[in-house]
Amino acid sequence: MRSRLGTRAAIATASVLAAVSTAHADFWSDAAAPYKGATIRGVSESTPPSNYVKDVLGPAFTEATGINVEFEATSWDQMYDKAIKDMEAKTGIYDFVYIEQDIIYSYLARDFLVNISQALKDDPKLASPDFKADNFTTFINYFKNADGDVFGVPMEAFVKVYLYRKDLFEDPANKEAFKAKYGYDLAPAKDHKQYRDIAEFFTQWGKDNDQEVWGSTVQAHTGHPASWYEFFESVDPTFGVYNWGINPDGWSASEANGGAMNSAKAKAALEYWLGLLKFAPPESTSSTWDEVAASFAAGRAAQGLVYGENAAWIATNADKSNVVGKVGVALPPLEDGVLQEVEAGKGYIGYYDGGAFGIPYSSKNQQAALLFLQYIGQASVQADWAVAGSRITHQATYDDPKVKEMDAKTDGYFTLMKNDGKLFAGAPAYPFHAQVREATAPFFYEAITGALSPSDALDKMAEAAEAELKNLGYRK
Amino acid sequence: MRSTTIGWLMLAPTLLILTVFGVVPFVYVLVVGFTDWNAFAADPTAHFAGVENYRRLVFDGQFLNSLWKTLWFAIFAVVSQVVLGYFLAQLLMKDIPFKGFFRTVHTLPLMVAPIAVGATWRLLTVPGLGPLPYYLERWFGIEYRLGTYADQAFLTTIIMDVWHWTPLVTLTMLAGLASMPKEPFEQAQIDGANKLQIFWHITLPMLKPTILATVFIRMMDALRTVDEVWMLTGGGPGAATRYVGLHIWRVVFPKTDYGYGAAMSLLTLYLTIVMCWLLYAALVARRELPKAE
Chain L
1 MRSRLGTRAA IATASVLAAV STAHADFWSD AAAPYKGATI RGVSESTPPS
51 NYVKDVLGPA FTEATGINVE FEATSWDQMY DKAIKDMEAK TGIYDFVYIE
101 QDIIYSYLAR DFLVNISQAL KDDPKLASPD FKADNFTTFI NYFKNADGDV
151 FGVPMEAFVK VYLYRKDLFE DPANKEAFKA KYGYDLAPAK DHKQYRDIAE
201 FFTQWGKDND QEVWGSTVQA HTGHPASWYE FFESVDPTFG VYNWGINPDG
251 WSASEANGGA MNSAKAKAAL EYWLGLLKFA PPESTSSTWD EVAASFAAGR
301 AAQGLVYGEN AAWIATNADK SNVVGKVGVA LPPLEDGVLQ EVEAGKGYIG
351 YYDGGAFGIP YSSKNQQAAL LFLQYIGQAS VQADWAVAGS RITHQATYDD
401 PKVKEMDAKT DGYFTLMKND GKLFAGAPAY PFHAQVREAT APFFYEAITG
451 ALSPSDALDK MAEAAEAELK NLGYRK
Chain C
1 MRSTTIGWLM LAPTLLILTV FGVVPFVYVL VVGFTDWNAF AADPTAHFAG
51 VENYRRLVFD GQFLNSLWKT LWFAIFAVVS QVVLGYFLAQ LLMKDIPFKG
101 FFRTVHTLPL MVAPIAVGAT WRLLTVPGLG PLPYYLERWF GIEYRLGTYA
151 DQAFLTTIIM DVWHWTPLVT LTMLAGLASM PKEPFEQAQI DGANKLQIFW
201 HITLPMLKPT ILATVFIRMM DALRTVDEVW MLTGGGPGAA TRYVGLHIWR
251 VVFPKTDYGY GAAMSLLTLY LTIVMCWLLY AALVARRELP KAE
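If you read the protein sequences in the order shown, they are chains L and C.
Residue numbers for the first sequence follow the working numbering, beginning at 1 and rising by one.
Residue numbers for the second sequence follow the working numbering, beginning at 1 and rising by one.
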């Protein structure tokens, strides 16, 4: 297995090198000549797209430039811990760091990052002719400041989609039994009532057929922020509560003060989401995003909201997934009126996730890191990366034959992202992202365990959010 | 005079290391604890906040709850380890088959990093994957859900700690038992003392210094446990296993509330010292009062 992976990485590296070298053979070696032999260090979350950088793009860059890349792919918590400590203390350990879309506003507020646009203007010799900000999808806008300058080169972007088991949904016996019980056709859910019915139906189906299949995944870890994120980024918006229910006009969270964190819609959303737990695999209250993907890939759930970075391997990698060829992709179920609101530009239906690599000001190898970021931002490396990590950051990548082939295997995941990506959004532009999350999460976990009712939990969360915002100096 | 200088010179490297890695960070934390420093506040610079952080701590239900849970965790874990460690040490004092093999295997958990212990126990206990929930349900009908039931999570963290650290207690008890003179035991047997009397009047008093040292070391370790529990439960479900070390980590790192987190650290250190002093006073000092002539 290990040697097979090594062979795959070597083949991928060779193909990247071939693609890049045909484009601009001399630029990389010429521009990198002053930095040859230097080592740049980066830290990222261990995800399929990051691991592709570690195994393929890093070695290819070293081959092309003579600059070594030490790439640390670690857990989400550790990645933040290390990157923030390094930038806060200005130790200069890392030359590039992963910036998840939701943390960029905090980093910009602290001036942690190098202005990439300005750096390339200041030193045109370092500007690759194959790196153009215009090639990127609109996702790059999340990493720009008010002046339009880029502070991070997008390396992954995907939407959190509704995955379902096509084999179960299309089984004639299941269709017949479902219609007999619920009075309408079994199909991917369009609204929350349908989603709940389907979850209930397949949970019972699993019991009746003595199979370990449940109705829905629920990312409901009771001690990890993953559960908080699933609710606020992927469930709350489908009920019409956006931006965590925080009103930037006065930074209020409670309904009494003009926020919506504890609004009737939010309470209905939490009640619905918690209600799915009885139709979810038993590991759900210990599941983060990784375990949810693993549960779905193991065939333990009939449907679920799954981060897009996992869609490709779940649908195609038989070494890791039991549901290859059985995966359907759809938009998340919505409450009435939400789609109209979103199409009118008033909100979003789910999470447009992703991240970029940025250069900390404290980096001691900023020029070499700048070259690396442009290298991974070239058009020529995007298609293979998209196939390996189901991420797309360039508009043209959608039309690449390799991506189209993968699109067919994933039931049109990339097409959905291309056509309906505009309905999704990243996290709100809050510089206090982690602070409010940490202040409110304990009450949220207690709602999952049942120690607090959904209504009480959201009331306490709104109160805690406002107290934290006041403590941080945002709310007066 | 000359020997004093040489003595100081020989101590210098240790003093230097203690100063750099002990005193300086302590003073730094002490200073930060009196500021309102949060890296992502509207004003991210540190300002002197007086005793405001300490005032907040006294009314912080989450912090007090984590302290309380930590105390219970430490008491249950350490008492279990001492009792179990004593009996295992007694067993290893006897001539039993495969004693060497058992002693080696028994010591293995000590060599595993806490984070790896947490990961191992997570693999053992996650429903749908781990064998523990599967067999508990199949054999005993117990629905074991670490992410759902607070009491199960609390108990599991104690069992994990006992599994990890009992070997240390066994080894120290073994050393204590092996160093005891035989004469008092032989004399007691001649005088007709039964096993309980020998244990109570001879073994326990002679083993007391070993037990005390072990209890102090393990108690301090248990009070600052983080890695294993972070990996196993993340502090959940809810706040059921959010012990004080983990709580401080969440406040200082993900929340970047450096000033408040530093104050929490200092208060916890102070409470740990007070607790150890009380324990020492209760077990030792009281009996060392000068006796009346």
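Among the hints, a few may not be true.
If you only want the chain L side, here are some residues facing chain C, beta carbon under 7 angstroms, derived [as the list claims (entries may be wrong)]:
(1) 282
(2) 286
(3) 290
(4) 431
(5) 434
(6) 438
(7) 445
Computed beta-carbon distance windows for the label pairs [said to hold, decoys possible]:
(8) L:89 x C:19: 48 to 56 angstroms
(9) C:2 x L:34: 34 to 42 angstroms
(10) L:190 x C:64: 45 to 53 angstroms
(11) C:31 x L:46: 31 to 39 angstroms
These are calculated hints, taken from the structure and not from any lab test.
Since the model is a prediction, treat every value here as computed from it, not as a measurement.
Beta carbons are placed, not taken as given, at the ideal position from N, Cα and C, and that holds for glycine.
Hint check results:
1. 282: This hint holds: residue 282 (chain L) lies near chain C, its Cβ roughly 4 angstroms from the closest one there, short of 7 angstroms.
2. 286: Nearest chain C Cβ about 4 angstroms off; hint holds.
3. 290: For residue 290 (chain L), the interface hint is violated, since the closest Cβ of chain C sits about 12 angstroms away, which is over 7 angstroms.
4. 431: 6 angstroms, holds
5. 434: 5 angstroms, holds
6. 438: 4 angstroms, holds
7. 445: For residue 445 (chain L), the interface hint holds, since the closest Cβ of chain C sits about 5 angstroms away, which is under 7 angstroms.
8. L:89 x C:19: 48 to 56 angstroms: 20 angstroms, violated
9. C:2 x L:34: 34 to 42 angstroms: 57 angstroms, violated
10. L:190 x C:64: 45 to 53 angstroms: Given a distance of about 47 angstroms, which is inside 45 to 53 angstroms, the answer is holds.
11. C:31 x L:46: 31 to 39 angstroms: 36 angstroms, holds
Going through the hint list in order, the structure does not satisfy hints 3, 8, 9.
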